[in-house]
Amino acid sequence: MDSFRDKIVPVTSILAGVVVVWYVFAVILNAPFQRDLDRRAGETPGVVEFIGKTMSQPKPTLPAPHQVAVNFFENTFLRKVTSNRSLVYNAWVTLSSTLLGFAFGTALGIVIAVGIVHVATLDRSLMPWIIASQTIPILAVAPMIIVVLAAIGVTGLIPKALISTYLSFFPVAVGMVKGLRSPELTHLDLMHTYNASPSQTFWKLRVPASVPFLFTSMKVAVAASLVGAIVGELPTGAVAGIGAKLLAGAYYSQTIDIWSALVAGSVVAALLVMVVGIAGRIVDRAMGGRPA
Amino acid sequence: MTGQSPAVVSAIKLGLTFQTNDGPVQALSNVDLTIGKGEFVSFIGPSGCGKTTLLRVIADLEKPTSGTISVNGMTPEQARQSRAYGYVFQAAALYPWRTIERNVALPLEIMGLSKAEQAARIKRTLDLVNLGGFEQKYPWQLSGGMQQRASIARALAFDADLLLMDEPFGALDEIVRDHLNQQLLELWERTNKTICFVTHSIPEAVYLSTRIIVMSPRPGRVSDVIESTLPKQRPLDIRETPEFLAIAARVRDGLRAGHSYED
Amino acid sequence: MTGQSPAVVSAIKLGLTFQTNDGPVQALSNVDLTIGKGEFVSFIGPSGCGKTTLLRVIADLEKPTSGTISVNGMTPEQARQSRAYGYVFQAAALYPWRTIERNVALPLEIMGLSKAEQAARIKRTLDLVNLGGFEQKYPWQLSGGMQQRASIARALAFDADLLLMDEPFGALDEIVRDHLNQQLLELWERTNKTICFVTHSIPEAVYLSTRIIVMSPRPGRVSDVIESTLPKQRPLDIRETPEFLAIAARVRDGLRAGHSYED
Amino acid sequence: MSSLLSLSSITPRSWQGYAALALLAGAILLWPLVDAAPGYGIATAALIFLLLLLAIEADNFPPAIGVVLLFLGAHGAAWLLLAGITGNEGTARASFYLLLAAAWLLAWRCVTVLSALRPTSRWAATALRLIIPTIFGAWILIIWEAVTRGAGIPFILLPPPSAIGVRIANSLPMLAADVRQTIFKAVIFGYVVGSGAGFLAAIAADRVPFLRRGLLPIGNMVSALPIIGVAPIMVMWFGFDWQSKAAVVIIMTFFPMLVNTVAGLAASGHMERDLMRTYASSYWQTLFKLRLPAAAPFIFNALKINSTLALIGAIVAEFFGTPVVGMGFRISTEVGRMNIDMVWAEIAVAALAGSVFYGVVALFERAVTFWHPSVRGG
Amino acid sequence: ADKVTLQLKWVTQAQFAGYYVAKDKGFYEAEGLDVEIKPGGPDIAPEQVIAGGGADVIVDWMGGALAAREKGVPLVNIAQPFKKAGMQLVCPKDGPVKTEADFKGRTLGVWFFGNEYPFYAWMNKLGLKTDGGPDGVTVLKQSFDVQPLIQKQADCISVMTYNEYWQLIDAGYKPEELIVFNYSAMGNDLLEDGLYALEDKLKDPAFEDKMVRFVRASMKGWKYAVDNSDEAAGIVMDNGGQDENHQKRMMGEVAKLIDNADGKLDPATYARTAKALLDQKIITKEPTGAYTTAITDKAIK
Ligand SMILES: Nc1ncnc2c1ncn2[C@@H]1O[C@H](COP(=O)(O)OP(=O)(O)OP(=O)(O)O)[C@@H](O)[C@H]1O
Ligand SMILES: Nc1ncnc2c1ncn2[C@@H]1O[C@H](COP(=O)(O)OP(=O)(O)OP(=O)(O)O)[C@@H](O)[C@H]1O
Ligand SMILES: Cc1ncc(C[n+]2csc(CCO)c2C)c(N)n1
Ligand SMILES: [Mg+2]
Ligand SMILES: [Mg+2]
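The listed protein sequences derive, respectively, from chains A, B, C, D and E. So that you can map any letter, position 108 of the first sequence is 97 in the numbering used here, and since no number is skipped, the others follow by simple counting. To convert, take the position in the second sequence, counting from 1, and add 25; that gives the numbering used here. To convert, take the position in the third sequence, counting from 1, and add 25; that gives the numbering used here. To convert, take the position in the fourth sequence, counting from 1, and add 821; that gives the numbering used here. To convert, take the position in the fifth sequence, counting from 1, and add 8; that gives the numbering used here.
Calculated from the structure, these hints are not laboratory results. Please note: incorrect hints may appear among the correct ones.
[Stated by the list, open to error] The calculated lysine to aspartate or glutamate pairs, modelled on EDC-like cross-linking and capped at a C-alpha distance of 16 Å, are:
id: 1; chain 1: E; residue 1: 231; chain 2: E; residue 2: 261
id: 2; chain 1: E; residue 1: 133; chain 2: E; residue 2: 102
id: 3; chain 1: B; residue 1: 88; chain 2: A; residue 2: 112
id: 4; chain 1: E; residue 1: 79; chain 2: D; residue 2: 910
id: 5; chain 1: E; residue 1: 272; chain 2: E; residue 2: 305
id: 6; chain 1: E; residue 1: 160; chain 2: D; residue 2: 1062
id: 7; chain 1: C; residue 1: 88; chain 2: D; residue 2: 1027
id: 8; chain 1: E; residue 1: 137; chain 2: E; residue 2: 110
id: 9; chain 1: E; residue 1: 182; chain 2: A; residue 2: 25
id: 10; chain 1: E; residue 1: 160; chain 2: A; residue 2: 178
id: 11; chain 1: C; residue 1: 162; chain 2: B; residue 2: 57
id: 12; chain 1: C; residue 1: 162; chain 2: C; residue 2: 126
id: 13; chain 1: E; residue 1: 101; chain 2: E; residue 2: 185
id: 14; chain 1: E; residue 1: 92; chain 2: E; residue 2: 274
id: 15; chain 1: A; residue 1: 42; chain 2: A; residue 2: 27
id: 16; chain 1: E; residue 1: 101; chain 2: A; residue 2: 25
id: 17; chain 1: A; residue 1: -4; chain 2: D; residue 2: 1027
id: 18; chain 1: E; residue 1: 182; chain 2: A; residue 2: 27
id: 19; chain 1: B; residue 1: 140; chain 2: B; residue 2: 126
id: 20; chain 1: C; residue 1: 257; chain 2: C; residue 2: 214
id: 21; chain 1: E; residue 1: 182; chain 2: E; residue 2: 102
id: 22; chain 1: C; residue 1: 257; chain 2: C; residue 2: 278
id: 23; chain 1: B; residue 1: 62; chain 2: B; residue 2: 186
[What the hints assert, rightly or not] Stretch by stretch, here's where chain A covers chain D in the computed footprint (C-beta under 8 Å, at least three residues):
id: 24; stretch: 860 to 867
id: 25; stretch: 903 to 909
id: 26; stretch: 953 to 962
id: 27; stretch: 1028 to 1039
id: 28; stretch: 1081 to 1090
[Unchecked claim] Stretch-level coverage of chain E by chain A, calculated; a stretch enters the list once three of its residues show a Cβ under 8 Å from a Cβ in chain A:
id: 29; stretch: 80 to 87
id: 30; stretch: 250 to 262
Quick reminder that beta carbons are idealized off the backbone N, C-alpha and C, glycines included.
Same shape as in the complex, but just chain A (with noise of 0.2 Å):
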């Protein structure tokens, strides 16, 4: 894989190039309602006033990449990380249900990869069952788990870590099945004249076949932890986190502070996902993997 090093200029680049584009979408977007307001105001800018106004309205279409830097800094830097402003604290706030609620959906999708393999029972009829479950679309039934928890007394960061684990075990499960079958015919053939039991099978031969699926599915099941924790923050008052934020920005029409959490949302998905890469990749290594 490349350094660190490797990556910035690329990564500043096509980050640039996203940005120029963005910043022309955000002209573009704003410009009908800047066109009204003017109309309305009877006004008659010039293209470049024009364009300038289309960058700073308070509540845009598409909020300038700058605005959103501005909030975005504010929020980060400028705020005590205790304040239920601070984008750094409902960061957080989201991170530690994503946290618990991606290491419940790892383990139940492993247990779940485990059953299905190794009993025949379960490969047959459970299967189409988690399937089924995962087309429950989880924002509606949120408020229904949240409601039952709470009146059997479970609240604050369980029931939040719980629709995070609910959408995190699918790919782990899916994953897992797949790489737990993916040992070489002969390797399986040598541990069958070992006489190996199941287990032995399990932890010597399957477990390391499985792993490049394991820590693919756990990056794809680390981004849905997030989605969960955050859509299980709205149904639960939506209090603090992202979530929270995005809501609260969605109700009152902030486009900004709904980009700048969005952000947020995002650098939290990015470094997550490479932690995992990387764990990835030192275990990999560990293993003995073979550089490209």
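Chain A is already provided as a structure; the job is to place chains B, C, D and E with the ligands on it using the hints.
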């Protein structure tokens, strides 16, 4: 020798047909075979005649579609479950995520041996196949022949009474091969193991075996069984004796008969 | 023969060191080598002495860490890009999602040959290695030797002027091997290809080659170069002539010298 | 008949049988089944016991008959139990649940016996493959029905499956319209475009090192653009109709495909790649002839995960402004109207559609990656 | 102190200022109550929360409450702090809609999730179909914000007097540039924020007494909030409200809906609400016992 000692492998009218996308393939047909304790039996035959398949049936890696087979008086499955045999595959089948040392340790871990015992066996067998110094390498860092030797070491470390070896020395040069042949004979004599050995080399088969089973293809069947008249003690230069050459010639004839192209 | 024809492979002070988790491994050191057009050069040497590595360097699959090498007067990379050679790997490396036929077709598709030409070449080479009738099978449905033959067919179908063959006949029995040896010699004579051939069999090396390069390990280097005095026309029974045996003895001596254990 | 089944002669042959017998005894101790006035008729109760005892005794019959007895006994008893709760809602006592548990254990035994069968004909194998998950699923519904009605759980918290079934039957045209809007427009379009875009991005990143270094970290950022943040923006950009939902689906399905394709492209073996090098095969030839086939198991992973993600995405996106049709619209609206049965009807349809979708992808996977050990049988 | 859990219909904002004020000012404590206020959110249905045992009393709109009552959750209105409806439909003056006669063929933004009944009742009255045909209106399910109007995706949208209306003003619309159809002003209003508890629990005198004290303290809170709107907005902010100016403005508007803070239900509006729901088949039979004046009668002498 066959009659008196109890049968380790006994097959009657064994047959195996694979179902493939374009019709059935009869890999074994009507194989009758008895191997006694302490025998060294070589299987030789044209490529694709069913040698590997036969070994796999003995090892319970493949179920016969007709006939019966017993190993140590049990079904192959029971024999496998009692860890009756060690198997050297035709391809090395090393686990890429384990170093050579850990690969050899694999069967020992599964048997639950103590760390000390594991270490001793690993050292002994790796030295035997001349891989000392490569313990910490991963399989892809070894040459083809070294990988094959590592897989032999792994099977020897397992130390079962029955050894099933599928062309273990195919990728080795003459010198190493001679060396390992001698080592194997020595081990066999010392431990009275029963060995089923697939090879393509006629001299190797003659040099090592008490009995040579010649197979022919389509469908795979036993076409000749040659009892060796060579003494148990076999120095390397026994290979120049007329007795040896006579046996070799007979094997060659049997082999040639099974081939579709005559030159 | 070496001097007069233009050099197909020319290596000067070639060295290659692998970096591994527990220190560097010197796979090749100070290898000087010139192979002329139309030569049949065999490489023989103990397991792990660098034969495969040398072939891989010629094929531009590995970059030397010292010295220089040219192929057809170009860098190995340019030679590879001009599709100067066909390569038979030590392991079969067949693609599991392709039938045998489609595996042999692979290089032909890449070269962009017409369907008719592809079909003709596939038929010809599969017949050559005696795999007619197995066109529609998948690799895992073949025996080890059949897989190896399929991979030989694939390389032959490619039909390059330089053939790099890494123990192509390792998993084949004597009869098939003799047959393929003859086929290969015939092909070589007819087409004036240059062939680099790794083998572990001394008779095979002597029988086939115009020159035999004996290598020795740690670090891998050329320890002896033996020019064959045998005529170009070689019936199989040439292997019993004193001349043949003399060359074989010299190779055996060279080989033994490179081995660490003396028996 | 009654002499055959006199209690003392009952001999179970499985732990499920023993447990069921114990539960039966418990049920007698804790009689009656319900608190309410009408209760269960004596005949009904006796029949329930008879059926359960028959099922417990089933293992003593030849397997073919035993399976049928297990099946009929467990499900007949369950059916009688459920039928009897009508008019007695919310008054079930421990005894009721014990009998239900006994029936469930026997159904479990039935599934175990069925799983162990080695059918000889293809037809029987297919039938078995369908029957086993069906029994499993049926019991989810039976227990759900029994608990919601037995314990009288408020309808607006969780309606019983029977009510949902009735609702589905009565609202077919509406459900069809919603499916058309959500699945046939937003989901399919978004799935194809999103998966395709993730795939192409992975190829681009693979082809151009500059993009690999730059695009992948940014691709990671797209991974968690939370749907609730993105959905309103997409509505803003692409309007109320299905296009904005498709856009959300594209964003949701992009990342799994990107990550899996990147991993899959690294999955081909070294020797196989070397072989391609010896042919001086071009990048694209190597890609199509080696690396993509080798990546197929990973790519199908993504396609499977995406098949359910796309559905969730489209439905949830409809919570944020839609025309007055669509599965997500219906769900959020009917929650507000306390028509929770309609909500579950939509969920059931979504689950069915998702399973079919997933199943189709899985069938393709088997056909395309027939050579992979996981398909050849590992 | 007796514990009471109150589930709000929406996030913390001045719409619920009375309860927060009552809590912060110690009015609940003075009645011997320990009140927990649970904020709501999108798609959280207070009816479900109370049915699941997660709350003793909820803030709900009459439409949702009566629908839930028919579905087996016997909700009873015990007080009605909001006398008027805050919902209205607004259209920009420079758009095609000037009067009710212009609706035909237009696209209108409506909130669902149980908030759509007044709109459908109104259209019913006007004889307009809502299926998107040329002689009816096209209905859009509107989300949290006022973007559909700004984006011109709808010709008119729903707003609350105390909330989204001001977002339009903030977005640059002047009040005189907007045409407002206020449901209360048109006499089409259905009852909004009321307090609801479960009928069977109310039969318990101890619980009833608790509710009497709760309503009394809550209405005291409302009165205080109406009289001290800036301070009330501050209290809302302290409890997690967003955007202080917005809350102040909201408080001012909410005050107009409270009238005199006695929480008494107006039977005429109740009857109209029930009839509209019946007309639209939201409920199938005339509700009985869906409200009680006993609590407010005892609470506010
Ligand atoms: N990728 C690699 N990384 C590290 N070491 C390697 C690698 N490939 C080969 N080696 C080492 O280089 C040496 C030469 O290996 P090579 O494969 O060339 O041997 P060889 O002569 O072909 O042997 P054989 O006859 O057994 O195939 C060996 O010691 C091997 O361990
Ligand atoms: N899994 C399989 N499916 C279908 N056919 C198979 C399978 N395995 C082996 N065969 C066929 O069975 C026959 C015997 O194969 P086997 O591997 O036993 O040969 P062999 O004697 O070991 O040959 P070699 O010396 O080349 O290794 C061959 O024709 C082969 O094509
Ligand atoms: C999903 C959703 N539903 C309704 C509204 C409208 N709304 C805003 S405030 C308010 C009063 C609730 O007590 C209502 C109904 C919305 N914005 N989002
Ligand atoms: Mg074989
Ligand atoms: Mg080699």
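We went through each hint and held it up to the structure:
Annotation: proposed proximity of residue 231 of chain E to residue 261 of chain E holds, straight-line Cα distance about 14 Å (limit 16 Å). Taking the CA atoms of residue 133 of chain E and residue 102 of chain E, the gap is near 26 Å; set against the 16 Å cutoff, the hint is violated. Annotation: proposed proximity of residue 88 of chain B to residue 112 of chain A is violated, straight-line Cα distance about 24 Å (limit 16 Å). For a cut-off of 16 Å, the pair hint linking residue 79 of chain E to residue 910 of chain D stands: about 15 Å separates their Cα positions.
Distance restraint check for residue 272 of chain E and residue 305 of chain E: the Cα-Cα separation of roughly 8 Å lies within the 16 Å cut-off, and the hinted pair is therefore satisfied. Note on residue 160 of chain E and residue 1062 of chain D: the hinted pairing holds, with a Cα-Cα distance of about 14 Å set against a maximum of 16 Å. Restraint check for residue 88 of chain C and residue 1027 of chain D: not satisfied, since their Cα atoms lie roughly 23 Å apart, outside the 16 Å limit. Between residue 137 of chain E and residue 110 of chain E, the direct Cα distance comes to roughly 14 Å. Compliance with the 16 Å bound is thereby established for this hinted pair.
Proposed proximity of residue 182 of chain E and residue 25 of chain A is supported: the alpha carbons are some 12 Å apart, at most 16 Å. Among the hinted pairs, residue 160 of chain E with residue 178 of chain A is inconsistent with the structure: their alpha-carbon atoms are about 67 Å apart, more than 16 Å. Taking the CA atoms of residue 162 of chain C and residue 57 of chain B, the gap is about 28 Å. The hint is violated against a cut of 16 Å. Note on residue 162 of chain C and residue 126 of chain C: the hinted pairing holds, with a Cα-Cα distance of about 8 Å set against a maximum of 16 Å.
For the proposed pair residue 101 of chain E and residue 185 of chain E, the alpha carbon gap of about 5 Å is at most 16 Å, so the pair holds. For the proposed pair residue 92 of chain E and residue 274 of chain E, the alpha carbon gap of about 10 Å is at most 16 Å, so the pair holds. A distance of roughly 10 Å separates the Cα atoms of residue 42 of chain A and residue 27 of chain A; the hinted pair therefore holds under the 16 Å criterion. Proposed proximity of residue 101 of chain E and residue 25 of chain A is supported: the alpha carbons are some 12 Å apart, at most 16 Å.
The straight-line distance between the Cα atoms of residue -4 of chain A and residue 1027 of chain D is roughly 14 Å, inside the 16 Å bound, and the hint therefore holds. Between residue 182 of chain E and residue 27 of chain A the alpha-carbon distance is near 13 Å, which keeps this suggested pair within the 16 Å criterion. Of the supplied pair hints, the one linking residue 140 of chain B and residue 126 of chain B holds, its CA atoms being roughly 13 Å apart against a limit of 16 Å. Between the alpha carbons of residue 257 of chain C and residue 214 of chain C the distance comes to roughly 8 Å, so the proposed pair stays at or under 16 Å and holds.
Between residue 182 of chain E and residue 102 of chain E, the direct Cα distance comes to roughly 12 Å. Compliance with the 16 Å bound is thereby established for this hinted pair. Of the supplied pair hints, the one linking residue 257 of chain C and residue 278 of chain C is violated, its CA atoms being roughly 24 Å apart against a limit of 16 Å. About 9 Å separates the Cα atoms of residue 62 of chain B and residue 186 of chain B, which keeps this hinted pair within 16 Å; it holds. Only residues whose beta carbon comes within less than 8 Å of a beta carbon in chain A count, and the stretch 860 to 867 of chain D has 0; fewer than three means the coverage is violated.
Judged by the Cβ-Cβ criterion of 8 Å, the stretch 903 to 909 of chain D is not covered by chain A as claimed, because only 0 of its residues qualify and three are needed. Only when three residues or more bring their CB closer than 8 Å to a CB of chain A does the claim for the stretch 953 to 962 of chain D stand; here the count is 6, and the claim holds. Check on the stretch 1028 to 1039 of chain D: 9 of its residues sit with their Cβ under 8 Å from a Cβ of chain A, so the three-residue criterion for coverage holds. Residues of the stretch 1081 to 1090 of chain D with a Cβ under 8 Å from some Cβ of chain A number 4, which satisfies the need for three, so the listed coverage holds.
With 0 residues having a beta carbon nearer than 8 Å to a beta carbon of chain A, the stretch 80 to 87 of chain E misses the requirement of three or more and the stated coverage is violated. With a cut-off of 8 Å between beta carbons, the stretch 250 to 262 of chain E has 3 residues touching chain A; three or more are needed, and the interface restraint holds.
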